[in-house]
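2 protein chains.
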Amino acid sequence: MRVAVVGATGMVGQVMLQVLEERRLPVSELIPVATAKSVGREIRFAGKAYTVVSMEDALRAKPDLAFFSAGGGTSLEWAPRFVEAGATVIDNSSAWRMDPSVPLVVPEVNAQALNTADGTAHKLIANPNCSTIQLMVALHPLQEAFGLERVVVSTYQSVTGSGYRAADQLRAEQEGCSPEAKVYPHPIHNNVIPHCDVFEDSGYTKEELKIVRESRKILDLPELRITATAVRVPVTGGHSESVNVQLKRETCVAEIQALLANAPGIKLVDNPANNAYPMPKDAFGIDPVLVGRIRKDESADNAFHLWVVADNLRKGAATNAVDIAAHLPTLSRV
Amino acid sequence: MRVAVVGATGMVGQVMLQVLEERRLPVSELIPVATAKSVGREIRFAGKAYTVVSMEDALRAKPDLAFFSAGGGTSLEWAPRFVEAGATVIDNSSAWRMDPSVPLVVPEVNAQALNTADGTAHKLIANPNCSTIQLMVALHPLQEAFGLERVVVSTYQSVTGSGYRAADQLRAEQEGCSPEAKVYPHPIHNNVIPHCDVFEDSGYTKEELKIVRESRKILDLPELRITATAVRVPVTGGHSESVNVQLKRETCVAEIQALLANAPGIKLVDNPANNAYPMPKDAFGIDPVLVGRIRKDESADNAFHLWVVADNLRKGAATNAVDIAAHLPTLSRV
Chain A
23 MRVAVVGATG MVGQVMLQVL EERRLPVSEL IPVATAKSVG REIRFAGKAY TVVSMEDALR
83 AKPDLAFFSA GGGTSLEWAP RFVEAGATVI DNSSAWRMDP SVPLVVPEVN AQALNTADGT
143 AHKLIANPNC STIQLMVALH PLQEAFGLER VVVSTYQSVT GSGYRAADQL RAEQEGCSPE
203 AKVYPHPIHN NVIPHCDVFE DSGYTKEELK IVRESRKILD LPELRITATA VRVPVTGGHS
263 ESVNVQLKRE TCVAEIQALL ANAPGIKLVD NPANNAYPMP KDAFGIDPVL VGRIRKDESA
323 DNAFHLWVVA DNLRKGAATN AVDIAAHLPT LSRV
Chain B
23 MRVAVVGATG MVGQVMLQVL EERRLPVSEL IPVATAKSVG REIRFAGKAY TVVSMEDALR
83 AKPDLAFFSA GGGTSLEWAP RFVEAGATVI DNSSAWRMDP SVPLVVPEVN AQALNTADGT
143 AHKLIANPNC STIQLMVALH PLQEAFGLER VVVSTYQSVT GSGYRAADQL RAEQEGCSPE
203 AKVYPHPIHN NVIPHCDVFE DSGYTKEELK IVRESRKILD LPELRITATA VRVPVTGGHS
263 ESVNVQLKRE TCVAEIQALL ANAPGIKLVD NPANNAYPMP KDAFGIDPVL VGRIRKDESA
323 DNAFHLWVVA DNLRKGAATN AVDIAAHLPT LSRV
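In order, the protein sequences belong to chains A and B.
Residue 23 is where the first sequence starts when you use our numbering, and the numbers rise one by one after that.
Residue 23 is where the second sequence starts when you use our numbering, and the numbers rise one by one after that.
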């Protein structure tokens, strides 16, 4: 299988290559794609060297599968052309996520959405937003078992969600230097910025609305009562989420713990007596979504708190995209 | 007025001295108190030098007013003895907060609690927890105007809430050194720790339950539906809070903004179009509680989001204590 990785030199692209290697997907040829200034650069993958090519060259190479992690504009323009050339595209940008004809997939939750109504496979698949993916992995088992009544999320998001330059900004500020590029409109070192992605007229940021809209689509609950506050913190290891969930049916902490401990993609870390709870430093570099601090919230009926942490570059981006590929009927046939 | 500051060399004590100077309280004599290893040290206050004394010596000096910021054990043992010796004690520890005979005061909210039923003044007054104070300043106007139906809080707390050694731990970790003392059970640099204060059997931390219990007492709403998740972030400037509030009566964002813009102790910072919202870096060193990111939450009736930030050492501790002193009938008479 010829696999293109568009945005191969970016933060998500690099983790993508790493996950592709680890998962031993049947990649016969890698086609790393990046912008003009990286074309010609050499990239190592599975013990072989590959040269970064342009979008046009990648298209001409007719990949079977293409992962896009190069921003919404690139995906909007190029994903349909790759599909036309015969590729299945898994797009990590927000460009296609809310398109009703494009499935938005977290394999643990809605792998069935990969197939069209007439049984053929979708050729363009959207990978959800990082904050949404980890939330879905944690909430889906609860929806299945007890039904979701209302969800209130506050995030603690890693700077790696904004790419290399944001991580550079944090590092420069930590070292007391002036950052080369200011990705955030304010210092992020020693600060908390309640502003991820751009603001819409409603006063919500796009990041907050992605959590709301994408969750509804992935869970196939168009009326789900869900709201979010998205916040950037000076952290690189992963995104944390404080999740308050009201369920439709009665349950208890022990039952939720047992359910989530056995749910796909989740590692339960919930032993406060031993200071064991999910943290970005422990989520970094691994695939499971860590869930802990599960508590009964007495302020509403059937309400509970969860604390959900994941590496936003792995399960929040690269791993989920590769997981989607692993579920493709085309790939299963290989 | 002779004023004792117990815990004068600690983080809160130092800010206390600063705020006392700024506010020009009629301090005729300062009595700085600290543990044995600091006794004899010199402290400058309002242009004069004072020598740190022991608890026993401070008691013998018969202060009119004593601020305690030296931990619950010290307050439990010594506050009653200072009261007996004629002092009014304003205690910043958690020792007396939930005692029904001790008023728990945020002056903007419940200054009236400083007087007893028979019209005499209380001699032992508790200063609330830092996370609670800023929340109360923001929520009280909403309670007065619309009634509080339910409150869900997630905090982003500064390491300064755990004293000098915690700030040292963060600094050492940032510089790649091994911290002298590990105040937190995990690294805090580049990490988020969902664990402030110790765990109770319910799975909640004491910090979370302080927010719940103290809020109910201060607002005099013993049945208030309120819940919290308290989280430590690698920040020193102040505490941030993501607050989801359901009100009893209908209102709109503009009305809440107008209300809070004119509420005591609040500075409204709510202009997302100009990237203006509350942040710890801006709250640091000032007294107002910053409130912004006010949004309608469509997931429940009359629900709204607020983002609330304050310097936890000033309004969250020292400033509130000094504000209490300024409201004392005894002091007003001076």
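It is worth saying that the hints were derived from the structure and are not from the lab.
Treat the hints with caution; some may be incorrect.
When chains are identical, the list treats them as one kind, so a pair holds in a single copy or across two.
To be verified - Cross-link-like lysine-lysine pairs, in silico, DSSO-like; alpha carbons within 27 Å at most: (1) Lys70 <-> Lys84; (2) Lys318 <-> Lys228; (3) Lys59 <-> Lys303; (4) Lys204 <-> Lys303.
Outcome of the hint check:
Taking the shortest alpha-carbon separations for Lys70 and Lys84, only the intra-copy value of 20 Å comes in at or below 27 Å, while the best inter-copy value is 81 Å. Only between protomers do Lys318 and Lys228 lie at most 27 Å apart by alpha-carbon distance; the minimum there is 15 Å, versus 30 Å within a single protomer. In this assembly of identical chains, the alpha carbons of Lys59 and Lys303 never lie at most 27 Å apart, being 33 Å within a copy and 36 Å across copies at closest. For a Cα distance limit of 27 Å, the shortest separation of Lys204 from Lys303 qualifies both inside one copy, at 24 Å, and across copies, at 16 Å.
In this structure, the one hint that does not hold is number 3.
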